[in-house]
Amino acid sequence: MTATQSAERALKRGGILMAVGLFLVAGVYVRALLFTPEEATQGLAQKIFYIHAPSAWVALYLAYGVVGIFSVLYLFLKDPRLDLLASSSAEVGTVFTTVVLITGPIWGKTIWGAWWTWDARLTATLFLYFVYLAYLVLRSAVDEPGRRARYSAVLGILGALLVPFIHMTVYLFRTLHPMPVVLQPGRPRVPGPMLVTILYAFFAFTVFYFGLLARRYAWARLKAERAQREADGGDASR
Amino acid sequence: MASLLAETRAIAAKDLLLEFRSRTAFLSALVFTALVLAIFNFARDPTAVSATDLAPSVLWITFSFAGVLGLNRAFSLEKENRAIDGLLLSPASRTALYLGKTVANLVFVGAVEAIALPLFALFFNVPLLDVLGPLVLVIALATVGFVAVGTLMSSMAVNTKFGEMLLLVLVLPFLITPVSTAAEMTAKLFAHRPFAEWAPWLKLLGAYDITFVVLCTLVFEFTLEE
Amino acid sequence: MPPANGGFMVAAYVAAAVIYLAYTAWLYWRSRDR
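Residue numbers (the numbering used here), protein chains in the order written: chain S, 437 to 674; chain P, 157 to 382; chain H, 7 to 40.
Chain S with its partners taken away, still in its complex shape (with noise of 0.2 angstroms):
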């Protein structure tokens, strides 16, 4: 089997894991809407954490930690593929980042009363994002495949070691800073039946996360492996 066809079966098992990732995500949403009850205290807001504390783990830990790692393995074992994987990453985790950065302001207007009060993680949330961002723009400014590789693991890498500055830098502005006392949604106590429900909700994202991933990443490869057919002046053997 040629490398073209492997990266055409691996996008279209990608694709079949991204429609899994989505049904699955499509029942959290039933779930959480219909079969979920609604908390005492904070109303029907409180169930968008059912939607933002799952795609922030994927954003913040799963996605960049895929990032940074093949950005070292890169830079140490030189196989494009892991740039190929960590670029997808860095793609599909901007997206989720994007979620999160929305769902957070409007639950959080609903608990503090303004859109933005500087809370720790929806902060370090938004510098992720830039670091994100610089990843994207960086790799959209080098057109030369092997040094964009290089590049990107460098910022990969750096990004990943500034993750947990910027939750230090925001956790001694909390602890140590006077800051307008405010309710703190957290995580809230959790009974029986939203358990189930967040318990499901954080597997279906991270399965939908995996598919995006295959998905995303095969498609960079098949790219790569055209771009190297026109390099070689076309390959008539497919």
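Note that these hints are calculated values from the structure, not bench results. Predicted model only: the values in this text are computed from it and were never measured. For glycine and all other residues, C-beta sits at the position ideal for the given N, C-alpha and C. Each hint should be verified, as a subset may be incorrect.
[Unchecked claim] Quick list of simulated restraints, FRET-style, between CB atoms:
(1) M7/H with R517/S: 52 to 58 angstroms
(2) S249/P with R662/S: 52 to 58 angstroms
(3) P581/S with L275/P: 20 to 26 angstroms
(4) W551/S with A166/P: 52 to 58 angstroms
[As the list claims (entries may be wrong)] Dumping the calculated DSS-like pairs for lysine-lysine here, alpha-carbon to alpha-carbon at most 30 angstroms:
(5) K317/P with K659/S
(6) K170/P with K317/P
(7) K514/S with K448/S
(8) K514/S with K317/P
For this one, chain S is given, so just place chains P and H on it according to the hints.
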């Protein structure tokens, strides 16, 4: 080790020498500083907002921009002279190359800060002298953290289509920790708070500096062409 | 009596759905073109 220091000094000296021949970048940084100070002073209502409340933020906005201007200048120098090719042919090691450039950038940004600080004290009427020591330490640490990452990003941005604009985008996320911790410590110093109150910030900034200077030194070679 | 903030919930759920669906659709169709 001795050769590393010697190479670093040589590269830093070369960079700085080029700068002294074209003082425009230095001048623009200073003009910008004066402009920021003037704007903040005229824009605020002195009965509503005291100078001391605004002072730390204004200082660090000024220093941040001076820093970015400094990095852009280093970047343009490389581009104009295609100096990087000459440097790579030299026997200097990659590490010395990175450290030399970082030192040169530090000197440049430091010089701007050294002039901006008294200007700032003048315009804002903030008594600096009794906290000058710790303040200089804070400024130095934040500048190191910022310039170390900026020099690395600069060496990548110079080889891309977007150039200087990309440099800003790349560096911005990494400014948060040094600048916000420095601004916080500056505020505490101006208010004559005890050391224990700003010590945690100092530790965080120190940890940041060590982590990123080491990291940037290690990955710098990956930003160079084979 | 919990506050009446169902509108916010709808807004957030819809916004998230739009973003995820849009990206999924874009990814699916663009990757089919090869």
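Numbered hints the structure breaks, given as an ascending list = 2, 3
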